[in-house]
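Q: Sequence:
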Amino acid sequence: MAISKMEKVTIISPKCEEEKILRIMQDLQNIEMVDSVTELNNQYQTKRFDVINLDANRQKEEELNQLQSRIQKALNYLSIHISKAPELLNETQTFSEFEKELDFETIQDLLNQVNNWQKKEKAITDEIDEIRVEIENLRQWQYLTINPNETKDSKYLRSVLIDFSLTVKETLLEKVEEFSTLFEVVYESQSRQYAFIVFLEKDEELMKELVSTYGLNVVDYAYDQAPKEVFESLETRLVTLKKEKEEIIKQVSTQHQMVNPLKMAEESVLAEIDRIHVKEMLAEYKDLTVIRGWIESDRAESFEKNVRTQLTSELPVLMTFDETTQTEDVPTALKNNKLVKPFESLTEMYSLPKYGELDPTPLLTPFYMVFFGMMVADVGYGLLMLVGTLLLSKKKTLRRGVRNFISLFKILSVPVMIWGLIYGSFFGVSLPFHVLSPTEDMNSILILSVCFGMIQLLVGLLINGIQLVKKKDYLKSVSESFAWQGILIGVVLLVLGNIVLKNEGLKNAGLILFVISSVLIILVPMITNKSKGKGLAQGVYSFYGITGYIGDLVSYTRLMALGISGGSIAGAFNMLVGFMPPVAKFTVGIALIIVLHALNIFLSLLSAYVHGARLQYVEYFGKFFQGGGRKFSPFKPKEKHIDFKVDK
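Okay, so the sequence shown: first residue is 183 according to this note's numbering, each after it adds one.
Keep in mind the hints are simulated off the structure, nothing from the lab.
Some clues are possibly wrong.
[Claimed, not checked] EDC-like, lysine to aspartate or glutamate: derived pairs with alpha carbons at most 16 Å apart:
(1) Lys187 with Glu510
(2) Lys302 with Asp217
(3) Lys187 with Glu426
(4) Lys190 with Glu486
(5) Lys445 with Asp825
(6) Lys390 with Glu426
(7) Lys187 with Glu366
(8) Lys304 with Glu428
(9) Lys813 with Glu486
(10) Lys384 with Glu360
(11) Lys187 with Asp480
(12) Lys813 with Glu189
(13) Lys410 with Glu366
(14) Lys190 with Glu505
(15) Lys445 with Asp285
Work out the full structure: start from the sequences and follow the hints.
A: Written as structure tokens, this is what we have:
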């Protein structure tokens, strides 16, 4: 239960085996790549590498990016029309097993099919949009049964479609009647009138004057049929196109089996793109390739065995594993048992430890479990958590991160039930037995909360002191750790001796321990500092930090506050439904109590998760943990759609 020991692996292989080795590494997921060109710092090799690989690799990458873009567009299109696509099963196959099932000829056929559907649907959609615009333009003329263009070839007649403001209607009609043969109102809105006018060819100039004088809008009619016929034809065509589009959508919506193969293909393409990127980190010289990276020590032997087993060439491959030094930029990989592993996410949210530093995850796990349970504290809520997480964990389609999160809450359900028994609460209903009553023993629960806080602070200071002793910084371990422990223990003994047990000996022991520890906190900086005055000032300032410890202890009172508030709210909800008439209680009341308790569970779990983490990060980690580590990021597939199984 610590940080995995790291080694740096160096592989020198024939260039013909480069792709094969990278595939093996990507499948095993246990090597974090290192830029070999930069590390070797050989200008000739760097120049050679640039000339040999980059142009060809970039061309291949461009082709793969185009293919990935096609796949992504196809998946996006299918996701629009397929309501619930099947999900890939996670961690059932290794990447190499997964790739064996891929057939890119079939994938190309799928892409072509989806592309045809997209093109057809787009063409239909574009035509529908155009027809709708035409219909809208013809809507006012849809009842006109005469084609305005029939007079184009006439020697004596002309016709025109106009629309104009109703404010000029009377005056315009008088003028038009002087020369027009036919004036037919086709449509009238609240503000405009739409008309068809037929007049003699010799009066064309008079018509133009009317258009200019009265601001008439002359409609450019571009059809060879009457508006009524065109309008009906367009509406018929619109109905036909909508049916065609619906048929395509209906056909696409049944193609569930196309989704997963395309997702698998995208995973494979993304993995190949990543291999191309990694090749830019490799150093090459003539026919040799140098690959370097970090690997966990306990996986080095199996990695070497896998590589040598899977390589088919008889050409030699040199592989070395070197122990790391503290000066190197070593990544951090946490290694914990099944109980502690789900809590690693809490450590990672704060900061990973540096390589060689203590992993705080096992040290926060018991405290976080106790604090979380104390803040939720209900047997019913704990049972719901346990049953819910057990059911969810059986789903193979859950991603790795979600599965770890579920595992965390499955573990936390146990302390929630234990504290629920201690408080005697089952969905807010008081059980006939309890150790502490949230309503009657509030002071006891408050003292217990502060005691838990005191224990955690003492443990944090002890860890810090041990780490400083290991570094042989003995005086600092006294002033920054053991002396503060003495002060806290001294205060506890003073309280026990003076208030609780009324024991003079205990009181005196606490006072002596407090005074000695306080003196040490002030004197040690004077010893370690060349300037005694500055050392004294530093010591006094450090001693002022006792106010911070008071604040830390007060922070732990939230354990009581949240635990009691959640139970009280649950009880209030029960009481609210209990006041309902019998008919309402067993109809609306059942639904209401489920909703209210669901809300209270959510808020209780959220509060416990956030405040529990806050106590670890501020009050606990602040005493001994620095962090700032870099996460171990092995070379692996992108895992955009699926988590692959990893053979250890």
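Q: Looking back at the hints listed earlier, which ones does the structure fail to meet?
A: Hints 2, 3, 6, 7, 9 not satisfied by this model.
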